[in-house]
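Line order of the protein sequences matches chains A, B, C and D. Going by my numbering, the first sequence opens with residue 1, and the numbers climb by one from there. Going by my numbering, the second sequence opens with residue 1001, and the numbers climb by one from there. Going by my numbering, the third sequence opens with residue 2001, and the numbers climb by one from there. Going by my numbering, the fourth sequence opens with residue 3001, and the numbers climb by one from there.
Among the hints, a few may not be true.
[To be verified] Derived DSS-like pairs (lysine-lysine); straight-line CA-CA distance at most 25 angstroms:
(1) D:K3042 - A:K203
(2) A:K203 - D:K3041
(3) C:K2324 - C:K2260
(4) A:K17 - C:K2042
(5) B:K1017 - D:K3045
(6) A:K411 - A:K396
(7) B:K1372 - B:K1160
(8) C:K2182 - A:K411
(9) A:K411 - C:K2324
Bear in mind the hints are in silico, worked out from the structure with no lab data behind them.
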Amino acid sequence: MDDAPQERLRLHIPEPKVRPGATPDFSDIEVPEAGILDRPPIDADDQTLHDFAFAMIRVLDEEHRAVGDWNPHLDADTLRRGLRYMLHTRLFDEAMLRCQRQGKTSFYMKCTGEEAVAVAQAMAHRPDDMFFPSYRQQGLLVARDWPLVDLMCQIFNNPKDRTRGRQLPVLYSARDANFFSISGNLGTQYPQAVGWAMASAYKHDSRIAAAWVGDGTTAEADFHHALTFATVYQAPVILNVVNNQWAISSYQGIAGGEQSTFASRAVGYGLPGLRVDGNDFLAVYGATQWACERARSNAGPTLIETFTYRAAAHSTSDDPSGYRPANEEQAWPLGDPIERLKQHLITLGEWDEERHEALTEELRAAVKADLKTAESYGTLGTLPDEPRSMFDDVFKELPWHLREQRDEMEKL
Amino acid sequence: MDDAPQERLRLHIPEPKVRPGATPDFSDIEVPEAGILDRPPIDADDQTLHDFAFAMIRVLDEEHRAVGDWNPHLDADTLRRGLRYMLHTRLFDEAMLRCQRQGKTSFYMKCTGEEAVAVAQAMAHRPDDMFFPSYRQQGLLVARDWPLVDLMCQIFNNPKDRTRGRQLPVLYSARDANFFSISGNLGTQYPQAVGWAMASAYKHDSRIAAAWVGDGTTAEADFHHALTFATVYQAPVILNVVNNQWAISSYQGIAGGEQSTFASRAVGYGLPGLRVDGNDFLAVYGATQWACERARSNAGPTLIETFTYRAAAHSTSDDPSGYRPANEEQAWPLGDPIERLKQHLITLGEWDEERHEALTEELRAAVKADLKTAESYGTLGTLPDEPRSMFDDVFKELPWHLREQRDEMEKL
Amino acid sequence: MIQAINSALDICMSRDPDVLVFGEDVGYFGGVFRCTAGLQKKYGKTRCFDTPISEGGMLGAAVGMGVYGLRPVAEIQFADYIYPAFDQLVSELARLRHRSAGEFHAPVTVRTPCGGGIFGGQTHSQSPEGVFTHVCGLKTVMPSNPFDAKGLLIAAIEDDDPVVFFEPKRIYNGPFDGHHDKPLQPWGKHPMGEVPEEHYRIELGRANVVREGADCTILCYGTMVHVALAGAEEAHVDAEVVDLRTLLPVDMETIEASVKKTGRCLILHEATKTSGYGAELLSLVQEHCFWHLEAPIQRVTGWDTPYPHAFEWHYFPGPARLAKALTRLMED
Amino acid sequence: MIQAINSALDICMSRDPDVLVFGEDVGYFGGVFRCTAGLQKKYGKTRCFDTPISEGGMLGAAVGMGVYGLRPVAEIQFADYIYPAFDQLVSELARLRHRSAGEFHAPVTVRTPCGGGIFGGQTHSQSPEGVFTHVCGLKTVMPSNPFDAKGLLIAAIEDDDPVVFFEPKRIYNGPFDGHHDKPLQPWGKHPMGEVPEEHYRIELGRANVVREGADCTILCYGTMVHVALAGAEEAHVDAEVVDLRTLLPVDMETIEASVKKTGRCLILHEATKTSGYGAELLSLVQEHCFWHLEAPIQRVTGWDTPYPHAFEWHYFPGPARLAKALTRLMED
Ligand SMILES: Cc1ncc(C[n+]2csc(CCOP(=O)(O)OP(=O)(O)O)c2C)c(N)n1
Ligand SMILES: Cc1ncc(C[n+]2csc(CCOP(=O)(O)OP(=O)(O)O)c2C)c(N)n1
Ligand SMILES: [Mg+2]
Ligand SMILES: [Mg+2]
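Bound-form chain A, shown alone:
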């Protein structure tokens, strides 16, 4: 038997350091210097890779230069495209929030502060790779040049809504962009992405899959299922955890984030876990590129944790001032992704305030124009289709009992 003292047990309940009213405090977050980590070969052995799960891959340094082994060395045009997509995403989010306030839609979810994650990751992938996103990766669609009018129409549930009024706003589906239908149930897309990747490998295809979940969602069963299946079958998939510190009102400590990093969950499955500065466009790009190469060369799956901060409310139904200090995002030590990439381009001599201003104006006008088009088809309250359409697609063909119910509805 053990020799432990006859001490009384006590239950530990994790609690964030600060709550509303207090000053934001990120002093416990270690921000390592940019560029200090090596980029290992994609087939490096497990043990070599462990460290990346606890470190933080960073490329942009304090002087806005791109440094170190993980720098993807993108040309200026690509960088400008990245900047444009991120800005476009942010302006789109702002416009949609306004629409919600104006009653044009019932609901919206922003990704403010997290734009680098989806945009850089989409750009690091090939266009035919398959994405299994959560609801906060609208940047993937922006970076795949998907028409925003299309998203707006779903948000408004108007007759051009691709989901025919069946889904909440933001739960997009865009097959032509290789973007999987977003589920309202957290995490379910994770093992689905693994299955898709297994299928691609089975068919000797070259397309790989990627999936995203939030820090909070890592606690779901499907997270474990996905990692298990990914490692057992060495599926060509990239599993991303967007650690934006919050899951509605619960901080990441409630998901176990204080005991270890989310990237380190990979270790126990014998997979590489990369922890990345999620507000560093180049670091996200570089890490994703590495993982893509790995998956595409039959070297196996990767787990990537993008360390970022949810600057906005969880959704339009949420008010974070109830559970965290006001303006905490301004104290966030990793800054703002758009600002950081902008400064990098300026440092390179490839950008300036005027061009930024002009780009902002251009995108604002584009969003406005798209909005006008989308609104012309209708906003909240416009029916997207005949009510009878709700009976379609339950099955491929309508069985008798649904036909009867449809008739009954129509006779009302």
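With chain A held as given, fit chains B, C and D with the ligands onto it using these hints.
Showing chains B, C and D with the ligands alone in chain A's frame:
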């Protein structure tokens, strides 16, 4: 985008090195020297503890001496008790297998080769610690001096069956031994143990909990749930994975065991994972003792992987010759736990072949006597109770619809 | 109704230190619907706390706590998210007492907001209650008003059997009779909106006849009780409206007495039709009252489709649909 | 029946390289019931393989494979173990086509052995089919003999909707009419035991009248079809026995024609009674045939308890219970 070559993807399906007909081959199993690992303080930091998840704690060396820091320094009486319990477990298993062959019970599951796991772990715990076992830890009950007649009566589903004929043989429940009702659904007991431990901590109790799953079962959702809840609330619980290399016909590679150790699953949750020679009574005892001390001092949970080999068939419904080489257990590099402890005692001068022979005879006689008693209450086919009893305990009190159904049954 | 639920939790926590309340966002924040607001502050972090987003883990842990001797009250944020916990509910919580022949049991209460009408789309609107009534070993409850909600929730928490407690979120803030275009009435104006401060229980397994009538019997629960009253009025039918309150064990005595009196029966629920709880109700009525039936029993329910977003009101079984069915019922 | 299932899988794999077969122990070993024996050897490791013990992961991956364009056939080792996969089945597989407005779908077939009578205790004996019929978007099938099993399984695999395919394990090796004390008859002697080698389909949604009769209609499926025939004989009742084969969508035409002809109806299933699929069947018959009913519809089912181990035969709704109910049905 990535620079991976336009290689074709391929699907990896894990496969054991040998199948029936081939010679057993354990050449890839690294068996480190006994005694080489330090025993860290129970509150050592995570990073220090990582190595234990990939190493193997061993105490008994090739000369049958107990060596190194993890040696629990048990006195000879305790060692002899351990030997007795293990032997008793094995003889009990053999007797029950015979009973199944004789048609006295429908089903049985042996733990041959794994006796050290349950017996040493039970002995390292305090008697009032709560156990949440799987179906292969009968040794826990033996080591808690639980009357074997009781188990036999359940196996025979006779009128002394504590579960009143409701459960399959071997799915015991023994509240008085602090042994939780075994579920037929794999892994469900894992988060339950964590919840029990949380409750104990909440009540400032000093009792801790322990749970067991097999290597195959680590793939279930409940494994992840348990680790997540354990780390978040720092529950006083020990989570054990009995890696006996097989899950019915699937080798541990199908559970991801080839990519990393099961102990290393702990790393990503910020928990210590100890990988232990599961056939080394002293190593299992020592590691468990360490984890008990840790839990009982509010220092947190531990994951222990006991590395062993399922020498028997999965159950009486299984025939392993269909999927693995015959007599593979004899090639198992970690030997037999009973034999190893016996030799250790002999080396200490505390045991000899005659005493061993005598003990074997004594226990065989004890099992026989118990069997006679149990059989006197009836074997397979004897009804354990009135059929009407099946309606009890669905709810605390019988609702009207069950009363009606019971009456209907009785009128037949 | 939110305050009534909060009050029930508060009272149970104050009377019994073994009552613990937890779930996603229920701790500091007080729950996305505010049902647990103030409880962490009042009872401390170890009695009311957030859990990881792991419904399965939450109920697995709850079973263990119950086995230890506590009385856990777990919140599943939306009933649509109860499925990841299905195995712990169905294979463990419901079965434990039976499989261990009474050695172990876990008196867990699972609270969860259900139902639609809040423009929540298919994953914030479901009514899965029927499934739980098929699982022997679970009690299933759904209140239709604040007074009942409090009394039933206290009874559920104090019950030694596991209870799945559904809270129709559409009526959290006021009764709703299906007229979505009319302004919401707050509970304050409703007779059942008045909730005594003290401890009281409404026995599980007892229905409530909320309106006596001679023409026909409407069996319903939750939000649908209000729809039933409105629909009957619109159809000018003197319906007896039975609010079941507990679905399992169901109050067959009250149902039988009512249907034998009226000779006609209609079942109203929001869940999808096929194999919904209405099927069981219909079967029970048919089995117990066949010779008294003057017309076929009717079911008015949600369609057999996922809960739509834009077509919510075409899906919702509202008073117009009910009125039409009642008219047909009376003509049959 | 095992060979019939094996043959269906074999044929589907040989005709379509996109058909993959996987599950716990199904690869090298060929499945604990041997339904997949020989397939890995014939089609290779990447087409028929073992999965981790993770029913949820298995069906999650199956959905993804289906989305890619494959036709996965997953085996859940026992129907009792389908619950850990419930969320992927109910919230994902069943909903995908609808929520994406047809952009994505996954033509997954989930095979799983169900039912008791094999002394398997509560976690190897359950019949959870009713629950799946409540989930819109899933088709639910249960064959009663080898010929149907093969034709239905091929139809299920080739169907573009997800199908849950229940295999009553008690009749894997021969028909079983509930007389557990009589020696088992092998399928070889049964007319439906003869299974053509080639490809054929039995359309989903079509019932089979296995015995014509004038006195009453017995609705049943799976093992219970054999019990129905035996029970009717023992009760000397000229029963029309309808083997539903597909539970959803159910063949209402055949049911209606039969009940309207006989005027009496009994529903027989092994699953627990309350909110079981029998409740839906009873409701449908009541709704469609009320004016033709000469007596209350009866349900003969498993009791509302967990499937017992020692009292298996007291639980199992065998011919004696059925005969008694039939006699009462004819007297009513
Ligand atoms: C299975 C399930 N449980 C609960 C919810 C309710 N819910 C929606 S979002 C959310 C928080 C998710 O947090 P995180 O994963 O960190 O993602 P983030 O919102 O931060 O992007 C919760 C609990 C849900 N949608 N699905
Ligand atoms: C949820 C669930 N899925 C599948 C099974 C069927 N089953 C019973 S034992 C077993 C193998 C378990 O292997 P492992 O966890 O390694 O334990 P061991 O038998 O080796 O002790 C399986 C698949 C089950 N009982 N429960
Ligand atoms: Mg988050
Ligand atoms: Mg094993």
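Checked against the structure, which of the hints given earlier come out wrong? Those not satisfied: there are none.
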